[in-house]
Amino acid sequence: MSYLSVSEVESAVEGLAKAHPGLCERIPLQHPTFERRTCHALRICRKSLSTTGILFTGSVHGCEWGGADICVSFAADLLEAAATGAGLSYGGKSFSAWAVSSIVNGLDVFVFPCVNPDGRYYSQLQAGIWRPLTPSAAAQSVWRKNRNPVSSGGDASRIGVDINRNYDFLWDFATAMDPAAPGASADPSKMDFHGVAAESEPETKNVAWLLETYPHIRWFMDIHCHKGDVLYSWGDDQNQSADPSMNFRNARWNRKRGLPDDAYREFIPSADQVMARAAAERFSAALTAVRGTVYPVKPSFELYPTSGTGQDYGYARHFVDPVKTKVFAYTLEYGLESRPEENTFQPKWPVMVEIIREVSAGMLELCLVARPSPIFDRLRFPIPLIRLWRRLWPWEIWGPLRRPAVVSLGIVALILAAITRRRRRRGC
Amino acid sequence: MLMNQRTEGGAPRILQVRIHADDFDSLRPLLLEGLDAGCKPHVDRRDGVSMQAYVPEEEVRRLQKRGYEIEVLADATAAGLERLAEVGQGDRFEGGRIAPRGLGRKTGRGHSAE
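Residue numbers (this note's numbering), protein chains in the order written: chain A, 306 to 733; chain B, 8 to 121.
Bound-form chain B, shown alone (with noise of 0.2 Å):
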């Protein structure tokens, strides 16, 4: 159904990539351009520098063709349509009458230490 979804509509998917450079100063422009780097831009610097982001698929193609190495490493869209099935339906706390419960464990008096 999902899948179904993705090719109905024949929209560009955003991929979640990794953009491989050189040099920080070969990145520099990409956020200057307004590349979606995520929350907040990572930039890794083991074997040159890489840092993730959010980009159409027509744009990693666009990139590619700049001469930066792209590593896809998801189908953020996809991925986004596959949680939907995650998200509560309906209202489990009916409007405040039942209170939720964290996923911590309780302990009684004396089992635990800080």
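Chain A with its partners taken away, still in its complex shape (with noise of 0.2 Å):
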């Protein structure tokens, strides 16, 4: 093996689509890219009643190429293990049968490994074909961004949008962030430009299309490269979990974001913030069990912040619409700064399979968290009630009464699923 090429990546999803048809389906993205590539996820579950759907995607930035082959092979993982019963081992984590086979019957899993493909084809400089070192070309190896010229003004050094800040979370920083944090740049000449317009570019639609078209999706990791964390909501300012209204929908905290220990801080429920961290702990304690590696858990936001971003956008989503479903999601970055070996975009293959082993160990567990019990699953009745209570009454307005609430909702869902079986197995 060695790392895929951009038609490869392609290939490699029709191969597992048309190898287990019965267990994964093939969805074509609806925004071709800039240069006419037509991208695909991959979406595996074993019945398509599933409540809950999580969501991977990879290679967004053209130079990490590592992201696109993790998600492939924990693909063919999957696919491969359910499919004969087998289960799946990764150095000193295993995974059993049953734990293989629960996730692809109880979860939606949606991989998309390769977001930006002209990025990563501009990146693999046309693998395989000599040219001269121009600047342009000496800078492609670690090219993150997409491909579009449409603010080059014919300049190559111009081209091409950060699809990790184009997103719509704070994309207008010049309004939202403090002027001195600003967390992505409006010069095309830098490879944080955050283009045009929120979700200018194809391939943050792509990805955006998905959370919108499936909505059951409640589980999102991006996965970058490389610093050896895992990183959860917000990435624009500091979290705090006890005044709701200083938030990211807030104007009159506009150009007061992104700067450490100030005024300002980001809301996020702290029911929320202890499930996100518990399950990234989940995943990391899952990848370090694979060969001892240590992933730190932590918010995104280190000092400097980011705007824009995929994580944030996925999250935000059901803070600006009630409608849209909670979406925990996260930002790997894998390879760790301490290994010299693994502390470079794109590591030497060898170093990179042992990487893939255990990302892949990390994601099936996150997969663990995020399957729905099979109780729960049975007791899908009442979640339209919780959806809409939650709606009316939300999380944080319960303050000291959050547990007493919680338990009397338990109980009516459980009174309520009693109701429903009794009348099911009367035949009603």
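I should point out that these hints are in silico values taken from the structure, not numbers from a laboratory.
Check the hints yourself; a few may be wrong.
To be verified - Simulated pairs of lysine to any residue, SDA-like, Cα-Cα distance not exceeding 25 Å:
1. Lys72/B with Ser494/A
2. Lys603/A with Ala28/B
3. Lys323/A with Ala28/B
Said to hold, decoys possible - Which stretches of chain A does chain B cover? Using the computed rule of at least three CB atoms under 8 Å from a CB of chain B, they are:
4. 485–492
5. 513–521
Virtual Cβ for every residue (Gly too), placed ideally from N, Cα, C.
Fit chain to chain and form the complex, with the hints in mind.
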């Protein structure tokens, strides 16, 4: 094996869909890239009735080749093991056949291996074709953006938009962020250029389209490199759970976001933070079990902010529009900074193989976290009621009454489920 | 061959560097100028502060003149060119006729524990 070329990523997705027609489908993404490539994602599930989906995206940045390879290997493992009734083992971490089977039976696993094929193609220097090294070619191997020339004015060094700064979350950093901490750039020559409008790029639209089209996606991991972190929201500022009004939608805080240790911090309900962190720690623990590598779990903000990222967009959607599903969203930064051989966009392939194994173990563990319990799956009837309850009385207004509220809601749900079951038994 | 490409072209290489400073406020101007700090700026707070970045080699000299301590970690251009030898040629999956296999070890029933 070696790193997949752009055409091989597509062939791999097609090959998996053909080899496992009862376990997965190949989803064409709706927005072709600037270089006219149509991307495909895989949807892995044994039955399409699951109430919960999880989305993994890779190679949003062109030079981060390993993201697509991780996604393809993970999907291939999951499908082969599910099809043959096998378990999976990665170094010191094993998953039983039952665990694998419960993932494909209870969860919709969406895998979008290569979000930015144009950037990947450019970064791979049209592999195998020799050409002299021009200044722009020297930058190709570390190219992160897509290849949209709309803002370039004919200058090759100004081509492209950073997809992970183009999402509709505080995209307009000039309005939303402190001028000293914009979290992106409006200069097309920079690698973090955020584009001409929020979600202007087809690659961004494709990810947003998946989240819109499959509203049961409740978990999302965007795979990047290199640092060795598992990051959860927020990325625009430090987190706080005390003041719900201090949030990204509140214009009163415009131009005050992004600086550490000042008045503004981004609101995250404490229950969400606990959940996001706990799931990420399960991911990290599974990864560690493979060969001892430790990826710390932390909020995305680290002294300097980001704006317009996929992770924050994924989690923010339900705040902007309460009808939308809450998505626990993560950024994985694979490759440990303290290991020189991993501290690069493109580790040598044998090094990448070890990274793929450990990240795959983490991904499977996250699927187990995301998978609804069989009991919850059977209690599908009260879900719309729970959603309605949460919209009418948001979590944060309950304060000390949260626990009694949850307990009473649980009792109501159990009673309703019992009534439903009884009616079914009677054939009503 | 790869080294020849580099020298024949004579283009400025991109270097992966670590920039050291006394505090984060000293690094902030670089980020505002659009320094390529990778996918997401990561600031290390051991022994002052430091941050990885990708910069053309002539930019290294400019940064040093501005008083930053620069530690060169790798030649990113050379590393990228070397990795090209490890990118698939042709199509191993023959347009989807062959399915890829993952890197995990498949285990039989009862051989593993969750």
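Hints, verified against the model:
1. This hinted pair checks out: Lys72/B and Ser494/A have alpha carbons roughly 23 Å apart, not beyond 25 Å.
2. For the given pair, Lys603/A sits about 24 Å from Ala28/B by alpha-carbon distance, which is consistent with the 25 Å threshold.
3. Simply put, Lys323/A and Ala28/B have alpha-carbon atoms about 54 Å apart, too far for the 25 Å limit, and the pair is violated.
4. Remark: the region 485–492 of chain A is confirmed as covered by chain B, as 5 of its residues place a Cβ nearer than 8 Å to a Cβ of that chain, reaching the required three.
5. Figure legend: the region 513–521 of chain A, annotated as covered by chain B; annotation inconsistent (0 residues with Cβ-Cβ distances under 8 Å, at least 3 required).
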